[in-house]
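Mind docking chain B on chain A? Use the hints.
Each protein sequence line maps, in turn, to chains A and B. Position 152 (the first sequence) corresponds to 152 in the numbering used here; numbering is contiguous. Position 49 (the second sequence) corresponds to 49 in the numbering used here; numbering is contiguous.
Simulated from the structure, these hints should not be mistaken for laboratory data. Keep in mind it's a predicted model, so treat the numbers as computed, not measured. Just so you know, even glycine gets a beta-carbon here, dropped at the ideal spot from N, CA and C. Hints may contain errors.
Said to hold, decoys possible - Here are the computed distance ranges between Cβ atoms for each label pair:
| id | chain 1 | residue 1 | chain 2 | residue 2 | range |
| --- | --- | --- | --- | --- | --- |
| 1 | A | Thr-127 | B | Pro-104 | 15 to 25 Å |
| 2 | A | Ile-151 | B | Asp-33 | 12 to 22 Å |
| 3 | B | Pro-34 | A | Gln-138 | 46 to 56 Å |
| 4 | B | Pro-104 | A | Ser-119 | 35 to 45 Å |
| 5 | B | Lys-32 | A | Val-46 | 17 to 27 Å |
| 6 | B | Asp-33 | A | Ala-137 | 43 to 53 Å |
| 7 | A | Gln-45 | B | His-107 | 34 to 44 Å |
| 8 | B | Asp-83 | A | Thr-150 | 36 to 46 Å |
| 9 | B | Glu-84 | A | Glu-71 | 19 to 29 Å |
| 10 | B | Thr-36 | A | Gln-138 | 44 to 54 Å |
| 11 | B | Glu-95 | A | Pro-88 | 36 to 46 Å |
| 12 | A | Thr-113 | B | Pro-104 | 33 to 43 Å |
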Amino acid sequence: MRLMRRVALRRLGTGAGLCAAALAGLLRPLVAVAAQWNKTAFEAQVLTDALKELGLSDPEESADIVIKAPEIAENGAQVPIELSTRIPGAQAIYIFVDKNPQPFAASFSFMDTAEPFVSTRIKMAETSMLRVIVRAAQKHYVASREVKVTIGGCGE
Amino acid sequence: MAQAIRMRVKLVGDVADVRVLIEHPMETGLRKDPATGEFVPMHFIQTMTATLNGKPVLEAQWSRAVARNPYVQFRIRGAKVDDEVGIAWVDNRGETNSTTTKVPAPH
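Excised from the complex, chain A in its bound form (with noise of 0.2 Å):
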């Protein structure tokens, strides 16, 4: 009985791949609709409504989110920021400044053979968290860190 129950499960198993294997394939179209510049998103002034436009409302914290950062910078201007995830199956990083007149401020789609990592330099108006969120299969975690900035970049 025990075993019959072991190869119903295993096939179920099999199943669930192929299931897998075939809704990537429908979603393909979707991940190409997904890549057009978010003005939504992007143009919210406020942190909440860009989450909301991003499908990223309420994540969970998580502490396999590494957030390489400044504790100060001299230059808003120039803020470098390094982030990476240990997150099993992470597809997408989501940065933030809070206090940005427009809080979202990037995202980075990985696909195929890329690693959950990147680095680069962002402009912040003043001191801020920074909010860091992941999007992995069906949640999304956030990490937060605040930056102090001594001279903002706003108008640079």
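Same frame as chain A, now just chain B:
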């Protein structure tokens, strides 16, 4: 305006470590031209794509908050010597630029 893309690829094991420097003003529209006192119009890259042998590996969407002359570093697993890494961008004025480079042999 010359808008160069400089790219450096280093192969570490089977991981291609890619560093890209894009020449672009990334104007926020909030900066005043010191000479005229007028605001300099918004001009910034909105999407950047990276490919490995023509296959997309990274798709970035940017706001005006990405720093001037954008710098991006990323990593692609499963890369080999002579694989081709491509970079392309489009800005809010519809201007574009792209370049490719071969993965060099590690030293």
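* Asked: Which earlier hints turn out false for this structure, listed by number in ascending order?
  -> 1, 4, 7, 9 and 12
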